[in-house]
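This is what each chain is made of:
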Amino acid sequence: MPGKLKAKIVAGRHLPVMDRASDLTDAFVEVKFGNTTFKTDVYPKSLNPQWNSEWFKFEVDDEDLQDEPLQITVLDHDTYSANDAIGKVYIDIDPLLCSEAATVISGWLPIYDTIHGIRGEINVLVKVDLFNDLNRFRQSSCGVKFFCTTSIPRCYRAVMVHGFVEELVVNEDPEYQWIDRIRTPRASNEARQRLIFLMSGELQRKIGLKVLEMGGNAVVGYLQCFDLEGESGLVVRAIGTACTLEKISTFPATATHPNNSSPSKDMKEPGFGEEAPGVPLSSGPPTPLRAQTFSSFSPSKSYSRQSSSSDTELSLTPKTVGHLCHFCMIPPSPFCVFQEYPFFTLTAFPPGFLLHVGGVVSARSVKLLDRIHNPDEPETRDAWWEEIRQEIKSHAKALGCHAVVGYSESTSICEEVCILSASGTAAVLSSRFMQDGPLDTEHRFEEVVSPGCGFCHIPYDELNIPFPAQLTYCYCCRRYKVPDVLFTTIDLPTEANVTGKGCLIQARLCRTKKKAQGEGNATAISSLLPFLEYELHTQLMNKLKLRGMNALFGLRIQISVGETMLLGLASATGVYLTALPSPGGIQIAGKTPSDITYEQHISTMQKKINDTIDKNKELYEINPPEVVEEIIGSPIPEPRQRSRLFRSHSESSDEVSELDLSHGKKDAFVLEIDDTDAVEDIHALLTDSPTPAGFYSCNTEIMPGIQNWTSAIQMFTSVRVFRLNANLTNQGLNKIFSDLCENLLKSLYFKLRSMVPCCLCHLNFTVAIPEDELIQVAVTAVAMSFDKEQPLENGKQSGEKTLIKGKHRPLKAMSGIFPPHLSFLSSLSPSLSLALLLSTASSLEKASPLPEGRSRSLRSNRSYSGSSVAVVKMTPLSFIPGAKIIKYLGIINMFFIRETSSLREVAVSLFSDSFRSLFAMVRAHVAALGGNAVVSYSMKECVFMENPNKNQAQCLINVSGDAVIFVRESELESTSVQTQSATTHTSNATL
Amino acid sequence: MSMELDVFVGNTTVLDQDVYQLWLDGHTVSDAVRIRMEAGALQECEANAEVLHSDTTDQFRTFQMCERLLQSPSKVANQLLFQIPPHRQTMLIERYYEFDSVFAREVLGKKLSKGTKKDLDDISSKTGIALKSCRRQFDNFKRVFKVVEELKGPLVENIQRHFLLSDVLARDYAAIVFFANSRFEAGKRKLQYLSFQDFAFCAGQLISYWTVGAVDNMMEDLDVDLEKDFLHDLKDLKVLVNDKDMLDQHKSLVCAQLRGKIKVFSEMEANFKNLSRALVNIASKLTHTKDFRDLFIDLVEKLIEPCRSDKWTIGDLRLFLKHYSSSVHMLEAFRHQVIWDRYMSVIKSCILKMYHD
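Chains as they are written, first to last, in UniProt numbering: chain A, 1 to 991; chain B, 1 to 357.
For the record, the hints were derived by calculation from the structure and aren't laboratory data.
Some hints could be false.
Said to hold, decoys possible - Derived, one-sided and incomplete: chain A residues facing chain B with beta-carbon distance under 7 angstroms:
| id | residue |
| --- | --- |
| 1 | Ser53 |
| 2 | Lys57 |
| 3 | Val60 |
| 4 | Pro110 |
| 5 | Ser718 |
| 6 | Val719 |
| 7 | Asn727 |
| 8 | Val869 |
| 9 | Met874 |
| 10 | Phe919 |
| 11 | Ala924 |
Glycine residues also receive a C-beta, built at the ideal position from the N, C-alpha and C atoms.
Taking the hints into account, I'd like the entire structure generated from these sequences.
Right, here's the structure in full:
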């Protein structure tokens, strides 16, 4: 069934002067969709033309609507010669195809030219009339919502999480077609931009079809990537998590969901405003404190958190029933794991879903690229990824896990060699309740009542550990075994018990490689890879211990391949999980302790390291409560330290290859200083300068221990390219690479010093080797200010809380149901805790949430009229501090080429101008959709190429994110003052 | 080994006011880095020289990219490339158009054409202001002049509307435009002791009371031009010195008022006729372009210098001028009171402003 696309060209402004003689421009506009083109009249002699055109109407298939962009070209009319192009605007109309997203695109959009950059702006209006398609065999998937956000989008609830979806499309790269030799660079860039637009449209449509097949209506954690394989073609691939989402309505009772079993639905209603009849038999009359107790575990909180995170049936149900019968009343879990690949691209989950985390699983494979002969049959690439996914799956299984969360895929290409990588975190999700049937009650209780440590408990069988590990009883509940360190690719679960603050930890490594061709090259690379990973891992481990921490979140290992070297960069956020044992120190040992000076050298080094550890503990406020070491029940077979990092390469067959990554004795990590590697390691350890006062950094969404975010946020991108000298040793390379990253961080801190106290969140580093002897490091992150006073207070509180918890322990052991609610509170994200308090209040007051909801929607209509250029916020996070996201307008996915003649100075301004233009374009498109922010923004691709022969430099960037409308919480609050005052009251009473 | 590329771009443009000032002052990156180091920038955030250099380079690049916009400030608010909060936009524009009064003093009264631009080198070496900064300031003058020249209505408001400047700064620009338009002589050696602010004040007075716009803001013409009729009418004031009776009467009136009130009474009494003649002659000759341009030099030579050599204090001068102009009202034969007041109020405040060392 067709749809009708309508476009109207209103006006232009700030156009460039195209006619030197008159200093003016005779502009007109071509509007093209598919093969249909319309033109406006020429508006003579003006730099601010007012076309005010009629509505151009395109009647097209909805399949085309999904694939094609609307292409607007602004030209200068010339009577005697060919019309000159001023620039283009591509408009992705996908957001208009979904009823819940945007309804109209209207506003000023930058006119962009690949050679000149932004050349003025054009005001357009675009609408779509879509007819319902009931055809079973349709090829379109209009209406499927896409989100880059890697958690259930705020203001939606997951009715069902179906699981992994993937797709890839391939094509010839126009840059490498024969025609490129005769056409202008502009034509070639535009061909490429348009092709990629088409391909990503097609990809999204195909993924949408898969989602519909699975019965879903949305893709969350949508990750789309380009592989520029050069001669062999262009691959656009995407992965995501298919879900059935339901907008959290302001009228909870009216919602009907397909998967809602009637009992829970019926019982749900009374639960919101008042206390349910079934609430805890064990406890006395309701007190504020107890209300808090419940909210900490999900009932009332999950309701109020409607806009901050997801809600599911599972978390709704217990609200009414009380946690005593929690497990009996669980409806079918929304997480479906009967899939071929039980992978989830999500990194954050509704509380209670992530039962156990096994550890990081990763797989890499080195492939030789060959020309893609038939674009319609991308089987080779499919098969490659298939292999890797299988491997990941088997790793997860070996860890006793049935699912992989925080899953992502990436590639690195150099000439005809391609490294495919996939990684994720093996995990057990709560649907296991349903699968395994009744287990022993005890086990269940533990999982339900201790969300703060439950996910740390090992999922694998203690006696049948897939690798030697040092296990202890959980330091929170003292009932289940936990590993000594935990590495994950996900965000820190909001319910996790954390001591102190976290920090960014990076391992950086450079390895030289001989120049080689074809298969020889591939072999050389694959033989280097294990060592690279091993060393990265050792570095991570050392640095983690040096900071006195015991867990890594958001781990991302990037390996980049160049002609003469391999780069490895591992970034993660280190934290101290209260549940895990305190890490031992680092001990340096000389192999041949004969010389006195040598011994002295070692002891000074040792002292330095110990001092650093102490300093770090102070800096990150890591002061776990002293615990008397208990004797562990079953002796662990081999008390050696092992990581939970699994790796394997395609060369190493299907077997899970494990590397012994440990060096040491029971609690100290021993570094033997005899070999140069160790010296290097120690050097690397000690050269990392600490973050300056007032700064924190992490690569995850939230930073434990910081809650009072102000509304001041600053998203930024920084790129550095460094030229190396030839003939560097590994060590020299390492130092340069490490300094490059360190200096980049230092520069960022310095640049953002006016925002102190602040935290750089979601620090995302990408490395590349654009040419021989060049290293490129790109960072995208957001700096967020916070109020200093309260976090400190909270720090104190968390200290107190741990004490309280200590006292409570016997009680807990007796009843077995008390959640560690107090400490749980401290680890909530700011918006969560606020909403949590609100909810407590409303449940106490028995206030109906309706008035608030209604006024909110009214406000949202009012607050976006914007006269001049409206401010559009951008953030790589899924939330905006101090604000509520009230609507998702669709995905923003922009591909961007910029080219210029290659003079060094020009190259620099080319790059910075490119980023500025890009940000400007993203902002303009979001504003045109009616939004005021982009969340989950990320830069997928950032390629910089110089071609001295053609005398040109080219810059290629791909970014994506979710366009949203947010409303300041303060605006919302003013509408419900009563509730608010009640909140303060409650919080005083409880905290 | 070298950094090939170093780029930082924030969603909201990151601007450091101190670095902006260094850029405006025309420093090179390495100069700016040195100055920042001396100012103690390295103590912040554990920075090192490399970090500082990178930050300065980046900031300078940003300012350079912004410069095009700053030259037509109304574009700053509705461009898309730089997301800058409104108060920062105001700061950027205001600072860009701020100038060194020493520089402005040098340019005052000169033709804002290309020829003068060659003199910028001289001004730069004379004032110690970097050539780059001189060029920016000069270009700003020229730009404002060019835009305002063709507009109708009140000068200050026009400048404010088109360049979004503060009231104070817009008034200074009005003075510069006024001087450039009227081509007042301000460069003579005898005028060197006068500062830009002295001239700006005088220009303000002239604009407020003597121009076309002062009487009617809806005039067709640029209101930096003085009102022709008024200048013509000033000729009628000659009667004050030409008519001997009137001159004597005027003198006795003034003397009666000032006796015992000023220290330099005898000098005043002796000089009264010269002073009065000077003031009236200046008025009567303002229709001639040449004499008009020499307004300030005439004031200095014919009034300020004689008084100064007789050691008048500023208080003496103030009293004298007050009574000199007010006692004219008591001359029954004199019928140009309105013109006289309009003339004297401006001249009085100009002289008083200019009467210093």
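Consistency of the hints with the structure:
1. For Ser53 of chain A, the interface hint is violated, since its Cβ never comes within 7 angstroms of a Cβ in chain B; the closest pair sits about 22 angstroms apart.
2. Against a cut-off of 7 angstroms between C-beta atoms, the interface hint on Lys57 of chain A is violated, since the closest Cβ of chain B lies about 28 angstroms away.
3. The interface hint given for Val60 of chain A is violated, since its Cβ lies 29 angstroms from the closest Cβ of chain B, which is over the 7 angstroms cut-off.
4. For Pro110 of chain A, the suggested interface contact is upheld, since its CB lies about 5 angstroms from the closest CB of chain B, less than 7 angstroms.
5. Checking Ser718 of chain A against chain B by beta carbon gives a least distance of about 4 angstroms; that is within 7 angstroms, so the hint holds.
6. The interface hint given for Val719 of chain A holds, since its Cβ lies 5 angstroms from the closest Cβ of chain B, which is under the 7 angstroms cut-off.
7. A least Cβ separation of about 12 angstroms between Asn727 of chain A and chain B goes past the 7 angstroms threshold, and the interface hint is therefore violated.
8. Interface restraint check for Val869 of chain A: the shortest CB-CB distance to chain B comes to about 6 angstroms, inside 7 angstroms, so the restraint holds.
9. The interface hint given for Met874 of chain A is met, as the beta carbon of that residue sits about 4 angstroms from the closest beta carbon of chain B, less than 7 angstroms.
10. Because the closest C-beta pair between Phe919 of chain A and chain B is about 6 angstroms apart, less than 7 angstroms, the hint holds.
11. The beta carbon of Ala924 of chain A comes within 5 angstroms of a beta carbon in chain B, closer than 7 angstroms, and the hint placing it at the interface holds.
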